[in-house]
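Residue numbers (this note's numbering), protein chains in the order written: chain A, 36 to 590; chain B, 58 to 705; chain C, 2 to 524; chain D, 49 to 147.
There's no promise every hint is true.
Straight-line Cα separation of at most 20 Å, EDC-like style, residue types lysine to aspartate or glutamate; simulated pairs [what the hints assert, rightly or not]: (1) B/LYS219 x C/ASP386; (2) B/LYS675 x A/ASP403; (3) A/LYS247 x D/ASP140; (4) C/LYS513 x B/ASP84; (5) D/LYS146 x A/ASP403; (6) B/LYS122 x C/ASP498; (7) A/LYS247 x D/ASP141; (8) A/LYS544 x C/ASP173; (9) C/LYS71 x A/ASP580; (10) C/LYS517 x B/GLU268; (11) B/LYS675 x D/ASP140; (12) C/LYS517 x B/ASP169; (13) C/LYS392 x B/ASP84; (14) C/LYS494 x B/ASP135; (15) C/LYS513 x C/GLU219; (16) B/LYS675 x D/ASP104; (17) B/LYS270 x C/GLU519; (18) C/LYS392 x B/ASP169; (19) C/LYS494 x B/ASP131; (20) A/LYS287 x D/ASP104; (21) C/LYS392 x B/GLU268; (22) B/LYS536 x B/ASP169; (23) B/LYS219 x C/ASP498; (24) C/LYS517 x B/ASP131; (25) C/LYS71 x A/GLU510; (26) A/LYS544 x C/GLU174.
Hints are computed from structural coordinates only; laboratory data are not their basis. Remember, predicted model here, so these are calculated numbers, not experimental data.
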Amino acid sequence: MSATSVHTLWTSLAAAPPPGTPGATFDAPTIEYAQLAPILIVVGAAVLGVLAEAFVPRKGRYYVQLFIAVVAIAAAFAAIIGLATSGFATTKAQIVAEGAIAVDGPALFLQGTILLASLVAVFTFAERRLDPVSHGNRVDSFAADAAAVPGSAAEKAAVKAGFATTEVFPLAMFAVAGLLAFPAANDLLTLFIALEVFSLPLYLLCAVARRKRLMSQEAAVKYFLLGAFSSAFLLFGIALLYGYAGSVSYAKIADVVDGTVQQIDPALAGTMGNDALLLIGMAMILMGLLFKVGAVPFHMWTPDVYQGAPTPVTGFMAAATKVAAFGALLRLLYVVLPGLTWDWRPVLWGVAIVTMLGGAIVAITQTDIKRLLAYSSIAHGGFILAGVIAATPDGISSVLFYLLAYSFVTIGAFAVVTLVRDAGGEATHLSKWAGLGRRSPLVAAVFAVFLLAFAGIPLTSGFSGKFAVFKAAAEGGAGVLVVVGVLSSAIAAFFYIRVIVLMFFSEPKADGPTVAVPSVLTMAAIGVGVAVTLVLGVAPQYFLDLAGQAGTFVR
Amino acid sequence: MENLIALLVAAPLLGAAVLLCGGRRLDRAGHWLGTLLAAASFGIGAVLFFDMVGKDAGDRALHQKLFSWVPVADFQADIAFQLDQLSMTFVLLITGVGTLIHVYSIGYMEHDERRRRFFGYLNLFLAAMLLLVVADNYLLLYFGWEGVGLASYLLIGFWQHKPSAATAAKKAFLVNRVGDIGLSIAIMLMFTTFGTFAFGPVLGAAEGASEGKLTAIGLMLLLAACGKSAQVPLQSWLGDAMEGPTPVSALIHAATMVTAGVYLIVRSGAIFNAAPDAQLVVTVVGAVTLLFGAIVGCAKDDIKKALAGSTMSQIGYMILAAGLGPIGYAFAIMHLVTHGFFKAGLFLGAGSVMHGMNDEVDMRKYGGLRKYMPVTFVTFGLGYLAIIGFPGLSGFFSKDKIIEAAFAAGGAQGWILGAATLLGAGLTAFYMTRVMLMTFFGEERWRNKATASPAEPDVEPAAQTHGSHSEPHPHESPKSMTIPMIVLAFGSVFAGGFFAIGDRFANWLAPVTRFEHPHPPISVPVITGATIVVLLLGVAAAYLQYGRKPVPVVAPRGSLLTRAARRDLLQDDFNHVVLVRGGEHLTRSLVYLDHSVVDGVVNGTAASVGGLSGRLRKLQNGYARSYAVSMFGGTAILIAATLLMRAV
Amino acid sequence: MSFPLLTATAVLPAAGAILTAAVPAARRTVAKWLALLFSLGTLALAAIVLVRFEPGGDRYQLTESHSWIKDFGVRYELGVDGIGVALIALTALLIPFVIMAGWNDADPLETQSKRWRPTQGFFALILMVEAMVILSFEATDVFLFYIFFEAMLIPMYFLIGGFGDRAHAGTDEAAATQRSYAAVKFLLYNLVGGLIMLAAVIGLYVVAGTFSLSEIAEMRAAGTLEMSTNVERLLFLGFFFAFAVKAPLWPLHTWLPNAMGEATTPVAVLITAVVDKVGTFAMLRFCLQLFPEASKWATPVVLVLALVSIVYGALLAVGQRDIKRLIAYASISHFGFIILGIFAMTSQGQSGATLYMVNHGLSTAALMLVAGFLISRRGSRLIADYGGVQKVAPLLAGTFLIGGLATLSLPGLAPFVSEFLVLVGVFAAYPVVGIVATTGIVLAALYVLVLYQRTMTGPVKAEVSGMPDLKARELAVAVPLIVLLIGLGVYPKPLTDIVNPAITHTMQDVNKQDPKPEVEAAK
Amino acid sequence: MNPVNYLYLAALLFTIGAAGVLIRRNAIVVFMCVELMLNACNLSLVAFSRMHGNLDGQIIAFFTMVVAAAEVVVGLAIIVSLFRARHTASVDDASLMKL
């Protein structure tokens, strides 16, 4: 299309258009509010939270915010259930909001998972029993005044006044909204926006730890800069893909990629010929997503951020972000780029292998429990990738199941980490965990359960998930991946076992940490974690069915 | 009637069980119980014997099946007994001599607080030995075979506080185990060849099998026999076995157990008959051993070890005879029985002497004892005459027959074997005369000669633990000990003649072992004459050396051969250097290997993974910019890879 | 739907484990009796299984089958054949003795906090192991088996690492580090084996689409199972590796001496007499049945490895200075025999191997537990620290000797029957191998008698002079085992009757016939 | 003028930005480089939009600007707090957590 025609486009819009010409009548977009309910509820709650920050007196904010968050998540989850039961997951799966959002099995399943994870995470956010009471008011794990310089008079004053960063709840809500939209995004623009919507609040959440604030801020900076860096790549990839296909809608791009597109105008014909656009674009978008997934070599932010961020936030990130990011990745690969399977498969093979091995190997020599879990999450990302690569319906459902299993184990594990404390806050250095099993057997046992699940020991959810994924991969013809996966799980087993040894078989140190007795909130979080871990380990059939039914994308 | 067979075994077994599990409360009556049950077993044997004599030669064999032992597919082993003339002979020998030695032990072990257990072991031995000879298949025989091994192990090591005794027991068991390899392989071969290992079928079908297989079986059986009967090359344990109490040496290591090898070969005659090569090897082993044992016997100053050497040599005779086939079997067994009498008698005599001499075993500290212990002297003397083959006594008949048979083997083989047996007879006469003279004649070297025990390594343990340096007071032993000696002396005098007249014994065994008259190349009287001449030479030589001149208390250095003979012809040294030392080196190096290599590989892998982890960890240097670099590089690789994929 | 007997047999100890663990810290003795009670109850159930099982009947009996994880094609399928029955009986039989022997091994030290409840944990874990072992003997679904095969490791791991032998050289810290090293080594070896098996399990599913032994057998019979030679071999290797680690087969054996050396004696018995049997059992049931051709293809190598295990294990046993390590290496040698018998692919070999599993369980239990009593008295595992014990503690010495004689498989004691069957079976198929294996019996005699001589005979050492003889509880452990050893040595027929039919099936699986004798003997 | 040139320019800008992120220490500057990359994306989007003659690209560009603005808010907040805590805005000094 030539320059003049574009000009006329403008002018024709300016002048009163003759009837029939495109854009002549501006017909309002149709928004299916019912189908969008989950996202909308959460966004609304977030906005409400902001208002609450503005108008509710300080004393009441904590409770109001907690109430809003919990109710909103519950309501959103109910909405998900409603949609799923009324068949949007299977038969009535559709694309809504002018093609921006897909409402289908994977979307609903993952959104449900995200919401449950977020609910549990919010519980841990709200925990106020762990830190000792300061100046007569209970404190949670977030800075009294994030803006105050660490150790400054202002901070002390804030602590004395019993301030609390209750903004974390609306921030979390925004993040959740973004996370919900991410796996459901059905065009590249929505994908990008959703990404930013959940990234930005997370950057902030990382920065507001009460203890070890310098590390917290450092984590935030690293996460922010690298995140922005990666999103720039993502965006450039989007631009290239748009350039290739002339559209950002998944369906249209897919058509162009498959070559089943109708009416090819010359410009499109010109760009379509240019596969470099397509491939480079694809590569860059993949990079953006793999960054969020934490796949090697885009993983390096993970350990630092996981370590520095407030532990509840870490758990939330580790669980929810992974779920959402993998959801988006699945949709991209299965809806937009199935035509390119033979291009992205070998590449992802490589990524999966280095991720599995890299994560497992580096984890061996870690000395900080949070970093250890970070690397383990990297390794698990590799396992999930193996399922993604299978490129079969089984692959999809296995990944869905794995994500469900994994997210709860993760949140539970980090919740336990919050309990083990000494004078300096959480005692995350492994040496401090020595003999925990002697001092408080129950906590140690619970943590051991989570570790065993990570290690994929039978009768835990970790095993069911791993088996599902490897099975899918093997059926998808990726036997090599299975073998590598098995080997790296062997390596991984080593450091999970190391922690167990430390907790149970080594004598407790005199100056060892104490285990704080949490409120019902954290207890609930951990309890749910354990319950899901064991249920998915012993009787996973129901959830496998669920994942199986949810295993098809709408297009 | 056949149901009695099980009882035969059961009686002593019961005794063993009761005595070993009974605990202290049986200490007072234990020995009587043991003796009683041994005697009962003898009684049952006697009943069975007269019953057997009653039948005509053809169908004397009795069979009894108790139950199926190990049934797996074709592999069918039963607990079943077979009592034929051969077994019968052994049953009577074992129970008879066994009972006598039980009686003897009552006196001999009087002052040992563990006497009850001693009798328990003795009964255990009787049970096992009887099982060995009445079994009707090789696996059950193996059962008894190992059973006697166990009993021998327990009895040799009965004085466990003596390290030497414990070691000797262990050695005996191990050497026997080596022989057992032979027996078990033989059984396996039988199973693969005949599909069974019961006497009847195997021996019945022996001719049917290929000679190679039969030879192999035969040699394996021979290996087993060598182990149990202390034949070269597995003889080394017998000498040490003398660490056991003397009644044990008499019963197990002279009269019965050590002859099990002969039983095995004679029992398997059908196989050997069809495998001449195997037979040849058997005769060679027999010949070698009979000389070996005799030479060792000439050099030992320990009375029991001297007798042990003689046992070895006599069993050599039997094995040799058994190797000659149908012309030898009967004589082998006959010599076995007579030897059972006189050798047991000799050992009991030796025991009686030690009993009177504070357990001193060094003959160089004996001398002139005949007037202090007359009964012992007489019985010992009769046994002596019998063993050297003095005309008219048991040994004469049995050994002479073997010599004839050896010559009759035919060809060069016959001559060589015959010469060997003759030479053996001479040596026997020599060393037995030596024992006789050193013990009962000459000056009384035990008087105020209580100096340090000589440089004879074999006696040192005994000297340490028993040798009291106060002057001994030789005295005759109690009745319980002398009576058995007297009975055995009778046996050693008359048994031979009784058996030999008209080949009575040979005909008795014929249905089982077949019997053919030997036809030596030279006439029998000549051979007999030669034997007597050689015998007299031996006696004369001994008399010149030990009768005429006084015997030094400290053994002279002696010739190279003597010194070698004292050390069992260096065979133990060989074992020590090659097996013990070599084994130690092997195990030590293997332990090292296991730790450093087999384990090392695994630990190495673990370590290397750890090292890799340590290095990769360095990449995580905390600088956001380097993370960005890795992301950037990763993207570049990603892009390059995608394009490359498309390119290829 | 009849009463699920097999499930009950496994559920009972599991329930016992939970109850035992729940006993409050102060009530230690209650926990002990509770555990003993439940183990005896399990024994009773096992006895019922033994009775209800008809040797002549179907291959798998008392079967239960329920759908479990449809998506993975996993069914909850239980069933026992003769081999399973025998081993279940062995397990159920040994656990009470293990518990009795370990009665006081896990009492908390004074220094430990009052809330720490080692005793409860100890017995609960033992019962948990029992449950899982029994289930893995019962499972006729590969996946189901795999799950318990793996899950078993965790309680074992805690038993080894959590409850060390009080009789150790050096400081407590040193002992603790050695112990956790042993535990980790145990876990990693078996975990790696298990994970490699997992890959094979997945592969099997991809090939067969089911995990049920019966279905796979039908498919093979109908010829609808297309499994290329190479695939079959790879899968076989995957399975075999795991079982060879567990068994343990040379050169994958090095975890056993550490584990048995550092663990308390009852746990050591649990490892070698019960848990390791799962490995050999699985070779017999899964390797041969699922991959018959590959099994035959691998036979030569396996036989050689087994031979090496026999000789190597025995020689190292001779070279040991530590009583428990010595017994461990002896076990390695014995496992060599078992594997030899399995892969001889003759009736005698395989029945022999099965009997061997049972008998080795009994003999090692007898020897090891008595050794444990000895060690607990002197507080040292070093052979050199003993001497002349027989003088001061004749009962102890006597039982020890009988255990030893069983270990060197003396005729009249149970192990002889199985060992000879294995040898005959191997010899019939591979004479040379059989002959080499026979040397094992000499070496066995060597290490047993050397051990006995150095510890029990000779002059009485000062340290052992005051040593008390066996107590009633200890006799209650040792005597029944000895009675069983003698009984099964003289009259093993009941056992063979149960095992033989199962072996016939296995022989059909690999479609092999016993070699026929050269001459048909004149019967 | 051929819109493709704009793409080349965009690519150039993007690379410059990326290089800046990699080599500059000051957090603010690094962040500006990221902005530069985003703008490069915008440029290419607009150029493509022009080539294809539909408006999607330009719409995205607008969204991108908003996102960039939001990022500035969040980013500056974080960076400033870091600066106040440490009196330096160098990303290399923020390396407490490593290995």
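Consistency of the hints with the structure:
1. B/LYS219 x C/ASP386: 18 Å, holds
2. B/LYS675 x A/ASP403: Given that 20 Å is the threshold and the Cα spacing comes to 15 Å, the pair holds.
3. A/LYS247 x D/ASP140: 19 Å, holds
4. C/LYS513 x B/ASP84: 58 Å, violated
5. D/LYS146 x A/ASP403: Holds, at roughly 11 Å.
6. B/LYS122 x C/ASP498: 19 Å, holds
7. A/LYS247 x D/ASP141: 16 Å, holds
8. A/LYS544 x C/ASP173: Status holds; Cα separation ~15 Å.
9. C/LYS71 x A/ASP580: With Cα atoms ~9 Å apart, C/LYS71 and A/ASP580 stay inside 20 Å; holds.
10. C/LYS517 x B/GLU268: 18 Å, holds
11. B/LYS675 x D/ASP140: Cα-Cα ~16 Å, so holds.
12. C/LYS517 x B/ASP169: 56 Å, violated
13. C/LYS392 x B/ASP84: 17 Å, holds
14. C/LYS494 x B/ASP135: Status holds; Cα separation ~10 Å.
15. C/LYS513 x C/GLU219: Roughly 19 Å between the alpha carbons, so the hint for C/LYS513 and C/GLU219 holds.
16. B/LYS675 x D/ASP104: 45 Å, violated
17. B/LYS270 x C/GLU519: With Cα atoms ~10 Å apart, B/LYS270 and C/GLU519 stay inside 20 Å; holds.
18. C/LYS392 x B/ASP169: Roughly 13 Å between the alpha carbons, so the hint for C/LYS392 and B/ASP169 holds.
19. C/LYS494 x B/ASP131: 14 Å, holds
20. A/LYS287 x D/ASP104: 13 Å, holds
21. C/LYS392 x B/GLU268: 53 Å, violated
22. B/LYS536 x B/ASP169: 18 Å, holds
23. B/LYS219 x C/ASP498: 47 Å, violated
24. C/LYS517 x B/ASP131: 9 Å, holds
25. C/LYS71 x A/GLU510: Within the cut-off at roughly 16 Å; holds.
26. A/LYS544 x C/GLU174: 13 Å, holds
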